[in-house]
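There are 2 protein chains.
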Amino acid sequence: MKKAVVLLSGGLDSATTLAIARNKQFQCYALSVDYGQRHESELVAARNVARSLGACSQHVIKVDLAAFGGSALTNHSIDIPITGQETDIPVTYVPARNTIMLSLALAWAETLGSHDIFIGVNAVDYSGYPDCRPEYIKAFENMANLATKAATKGHKTAIHTPLIMLPKEAIIRQGIALGLDYSITISCYQADEAGSACGVCDSCRIRRTGFNKAGLMDPTRYRQS
Amino acid sequence: MKKAVVLLSGGLDSATTLAIARNKQFQCYALSVDYGQRHESELVAARNVARSLGACSQHVIKVDLAAFGGSALTNHSIDIPITGQETDIPVTYVPARNTIMLSLALAWAETLGSHDIFIGVNAVDYSGYPDCRPEYIKAFENMANLATKAATKGHKTAIHTPLIMLPKEAIIRQGIALGLDYSITISCYQADEAGSACGVCDSCRIRRTGFNKAGLMDPTRYRQS
Numbered sequence: 001m002k003k004a005v006v007l008l009s010g011g012l013d014s015a016t017t018l019a020i021a022r023n024k025q026f027q028c029y030a031l032s033v034d035y036g037q038r039h040e041s042e043l044v045a046a047r048n049v050a051r052s053l054g055a056c057s058q059h060v061i062k063v064d065l066a067a068f069g070g071s072a073l074t075n076h077s078i079d080i081p082i083t084g085q086e087t088d089i090p091v092t093y094v095p096a097r098n099t100i101m102l103s104l105a106l107a108w109a110e111t112l113g114s115h116d117i118f119i120g121v122n123a124v125d126y127s128g129y130p131d132c133r134p135e136y137i138k139a140f141e142n143m144a145n146l147a148t149k150a151a152t153k154g155h156k157t158a159i160h161t162p163l164i165m166l167p168k169e170a171i172i173r174q175g176i177a178l179g180l181d182y183s184i185t186i187s188c189y190q191a192d193e194a195g196s197a198c199g200v201c202d203s204c205r206i207r208r209t210g211f212n213k214a215g216l217m218d219p220t221r222y223r224q225s
Numbered sequence: 001m002k003k004a005v006v007l008l009s010g011g012l013d014s015a016t017t018l019a020i021a022r023n024k025q026f027q028c029y030a031l032s033v034d035y036g037q038r039h040e041s042e043l044v045a046a047r048n049v050a051r052s053l054g055a056c057s058q059h060v061i062k063v064d065l066a067a068f069g070g071s072a073l074t075n076h077s078i079d080i081p082i083t084g085q086e087t088d089i090p091v092t093y094v095p096a097r098n099t100i101m102l103s104l105a106l107a108w109a110e111t112l113g114s115h116d117i118f119i120g121v122n123a124v125d126y127s128g129y130p131d132c133r134p135e136y137i138k139a140f141e142n143m144a145n146l147a148t149k150a151a152t153k154g155h156k157t158a159i160h161t162p163l164i165m166l167p168k169e170a171i172i173r174q175g176i177a178l179g180l181d182y183s184i185t186i187s188c189y190q191a192d193e194a195g196s197a198c199g200v201c202d203s204c205r206i207r208r209t210g211f212n213k214a215g216l217m218d219p220t221r222y223r224q225s
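Quick note, the sequences are listed as chains Y and A, same order.
If you're matching positions, the first sequence starts at 1 in UniProt numbering and goes up one per residue.
If you're matching positions, the second sequence starts at 1 in UniProt numbering and goes up one per residue.
Bound-form chain Y, shown alone (with noise of 0.2 Å):
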């Protein structure tokens, strides 16, 4: 079986990621990031959804995005959003978040002779932020392949995105097809540390809408309805 990293945060597209590579049979190696994220309760899930999806392994790495600030995830004194009338790209962005996390599945990657990397971004049914669009994936994969010694002895590194350009009820059929049991699953923003959802963010607003596109019932325990 081939290895491939699987960036997985907990939220319902990181997970359906990860049921998709195991679908592909790679052995797959979880990575999620503590990176000072106020919804601590995903990283619960996230360890949930590595047993439960049968990741071979899971390693949870910290990195102090807080300190730098810049985003209402990780600082906060900075309310999130949950009126879902943003134009612009909301204060929920964190900063080279994504770039710093497929940095880290690069190394893992090559420690574990590893050339597949997964992750669950989305340019439909998301939130505007950047780097969730298939041109800085393309971007990433290019610069990757320059960087790592496995690149100079010709082993490319793929940067696999299947749920890129589908919309959130598409993704969610295709989690439930693969048995996916969304509901040890948290997309919430502020979820509080039972795992119950706010209803109202932009992330809660998004998944909820995908399962009521999908005619399928939403197993999230929300706190508004």
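Hints were generated in silico from the structure; no laboratory data involved.
Careful, some of the hints might be misleading.
Where chains are identical, the list cannot tell them apart; a pair therefore holds if satisfied intra-copy or between any two copies.
Unchecked claim - Here are the simulated DSBU-like pairs of lysine-lysine, each with C-alpha atoms no more than 30 Å apart in a straight line:
#1 Lys153 x Lys3
#2 Lys213 x Lys2
#3 Lys24 x Lys138
#4 Lys156 x Lys2
#5 Lys62 x Lys213
#6 Lys213 x Lys156
#7 Lys24 x Lys153
#8 Lys156 x Lys138
Just so you know, these numbers come straight off a predicted model, no measurement behind them.
Chain A: place on chain Y using the hints.
Here is chain A on its own, set in the frame of chain Y:
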């Protein structure tokens, strides 16, 4: 004054790079990464260099790359080469190190409103690390300019590599001309706690030869001559 993030390891090259950035009238934010390197005295040197060269701020961020392994710099059971006879990229290579460091610099730069990052990579007197080459830096810069919210607003980030094509002796001459005191820098891969250098690792060899060729006194305290 324009702000710049300067990656600062505490070695000869990054110290010279900081001196150059200061000389170009940048307000310098020094970023050092505690990645589990065995030569921790490097971080002490980084603090001294940041202070000595007038960085307006220094941040040390911790990322445990030792957890991934794969390098003699993070795994104490792998010996540091001391014969100077490698033909391949040596075991001191740390997978994706510059990619991770530049990603962190990109994050900090964005939160500071800075569009300039300095890194002291060198592709002449070096150990053949792939992430020191001009084509790699260009690819990183290209990726960075698709990765951030700042980029979507038209703010391009430049990755400055003032040393990339200079032989070591030219780097040293430039630093001396800018008043840099190299006695506070540490290049050695296995410097001891007091900051004295082994004298025989690749990094010591390259440094020593540079001072010799420059015809300048090497202020390094070597344990072996």
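query: What hint numbers does the structure not satisfy?
result: 2, 5 and 6
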